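Novice: What follows is each chain in one-letter form.
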Amino acid sequence: MDGAVAMDRGVNRLFRSRLPPRPRPHVRRAILGSLPLGPEAGEGRRVWRCLLWAAIALVLFQIEAGIKLHVPQPYLRVDVASMVLFFVALDLGAIEGALSAFAVGFVADLFVLGPPGMCAFLAVAIWTGAHLIPPRAFRSGWFGPGTLAFVFSLAFQVGILGLETMNRPSWEAPGRMAWASVVPVAAITAVCAVPFRSLLRRLDRMTSGEASLRSR
Amino acid sequence: MLAFLKRYRELLLVLTLLLLPLGTWLANAQRGRDLSAFEKFCLAATSPVRDATARLMGFALDLWHDYVDLRRVREENEILREAVAELQLRLNQRIEAEKENERLRALVEFSRSASGRIVAAEIVGVSPSHRRAILVAKGERDGVRKGMPVFTAEGVVGKVVATYANTSEVQLVVDSGSAVAARVQRSRARLTVRGTGEDGRMRLAHIHRTADVLEGDVIVTSGTDGVFPKGLVVGRVGRIERKPYGMELEGEVIPAVDIAGLEEVLIAISSGEDEGPTAWTGPSPWTAE
Chain A
15 MDGAVAMDRG VNRLFRSRLP PRPRPHVRRA ILGSLPLGPE AGEGRRVWRC LLWAAIALVL
75 FQIEAGIKLH VPQPYLRVDV ASMVLFFVAL DLGAIEGALS AFAVGFVADL FVLGPPGMCA
135 FLAVAIWTGA HLIPPRAFRS GWFGPGTLAF VFSLAFQVGI LGLETMNRPS WEAPGRMAWA
195 SVVPVAAITA VCAVPFRSLL RRLDRMTSGE ASLRSR
Chain B
5 MLAFLKRYRE LLLVLTLLLL PLGTWLANAQ RGRDLSAFEK FCLAATSPVR DATARLMGFA
65 LDLWHDYVDL RRVREENEIL REAVAELQLR LNQRIEAEKE NERLRALVEF SRSASGRIVA
125 AEIVGVSPSH RRAILVAKGE RDGVRKGMPV FTAEGVVGKV VATYANTSEV QLVVDSGSAV
185 AARVQRSRAR LTVRGTGEDG RMRLAHIHRT ADVLEGDVIV TSGTDGVFPK GLVVGRVGRI
245 ERKPYGMELE GEVIPAVDIA GLEEVLIAIS SGEDEGPTAW TGPSPWTAE
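These protein sequences, in sequence, are chains A and B. The numbering of the first sequence is my numbering, which starts it at 15 and goes up by one. The numbering of the second sequence is my numbering, which starts it at 5 and goes up by one.
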């Protein structure tokens, strides 16, 4: 009997080894079940890193500001906030991810110079929305993650411009040029976001001491 | 209560993180943005990154613009070189035309001054042999015959030694086989000028050692050789060597005509009413001195 069970286990192990790795329960919940999110063991110890992601976003915003000084074309721009949010939403756990999204949004607020809280709200909203997407959409290849990054950027920019349009009088609302630049900027962001995510994942592993949560 | 918070802490956290900025935004939506001290610190602390990036970007763009400018300069340089070459060509053509005009005008004036029929002929060839001869673009069809004198406004060039239908061969006065009966313009002393085969030098011959000849004297044709009309300038006396022995003087004559620079010449087809050698009485730059 024991031998049969052991054999059955051996077959199962062999069969399972041919399948892609099954996500852990807390990861599944974090993606499909969305909210409430299961706690990740040791995630609380990594919450400090939301400051790291925010700092990276801040530095990237400054770099972009330096570049825009010489390349003022509105179409040639990377949506830095969306690029970092893309990584935050896809690779970080629930608590760290939500806080990081808020921090990145806070940094974006500094540069957008709209009413305070606008970008932070949008960032957390997009992060939340990203957790409703099935994980298969962005687990492999370049197309899925690229499309997702495009959608992220599109949503973030349209959100900012929409809220600005709603909030400001018509003569102060974002102009046609700002709306026209949304798609090209989202496309450029999508192209940059995928390799940038790989870099941030490396940094994630270096600072956490283990593999990225949702990639396991 | 604690269990509820613990169970839904992520949900509550996300809701807080959504509602907090939303509330802040709604509260401040109609007001302008004033950065807090912390926000200002965040921006100021990272502003060196922006400045460094701007400098780096500026440097890279300058480098690129310099490169592009260099390429443009190269292209522009090529275009300008072509333009300069074309303009140089046109300038040369114009200078040539002016010089040709001057020469032809001198020839025309000269031919008007001379009696008899004179034709202008362009030089179309130079003898490739040791002989100093040229080929001119007037021949038998133009009335050119063997033995006719060839000259320019400056002086004697040579004589026709062979004629063809459309061209003629002219033996130059500097040819070693050439001899021109001449006279010292100042003293009227007779002599013969022989060629040496060199462009810039002829020699005196058949002149008595006591003859009145000085360096710088102008030599003109005497008209006694039956070829050249009288009074055409042959050249100027150069170095004279008076030896204590012998019957004749030795000396050199510098040709009046720049043989190497000849382009057009005049040929005396007929020598005037008497059909003898034409007596040249027109102006000459050398005789005028």
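Please keep in mind that the hints were generated in silico from the structure rather than gathered at the bench. All values reported here derive from a predicted model rather than from experimental measurement. Hints may contain errors.
Pairs of lysine to aspartate or glutamate, DMTMM-like flavour, derived with a Cα cap of 25 angstroms [as the list claims (entries may be wrong)]:
| id | chain 1 | residue 1 | chain 2 | residue 2 |
| --- | --- | --- | --- | --- |
| 1 | B | K150 | B | D73 |
| 2 | A | K82 | B | E268 |
| 3 | B | K103 | B | E268 |
| 4 | B | K44 | A | E178 |
| 5 | B | K247 | B | D216 |
| 6 | A | K82 | A | E178 |
| 7 | B | K247 | B | D262 |
| 8 | B | K234 | B | D146 |
| 9 | B | K234 | B | E113 |
| 10 | A | K82 | B | D38 |
| 11 | A | K82 | B | E43 |
| 12 | B | K150 | B | D262 |
| 13 | A | K82 | B | D203 |
| 14 | B | K103 | B | D203 |
| 15 | A | K82 | B | D70 |
| 16 | B | K44 | A | E78 |
| 17 | A | K82 | B | D66 |
These stretches of chain A come out as covered by chain B in the derived footprint (C-beta under 8 angstroms, 3 or more residues) [unchecked claim]:
| id | region |
| --- | --- |
| 18 | 99 to 105 |
| 19 | 109 to 117 |
| 20 | 212 to 219 |
We put the CB at the ideal spot given by N, CA and C, even for glycine.
Novice: Output the numbers, in ascending order, of every earlier hint that fails for this structure.
Specialist: 1, 2, 7, 13, 18, 20
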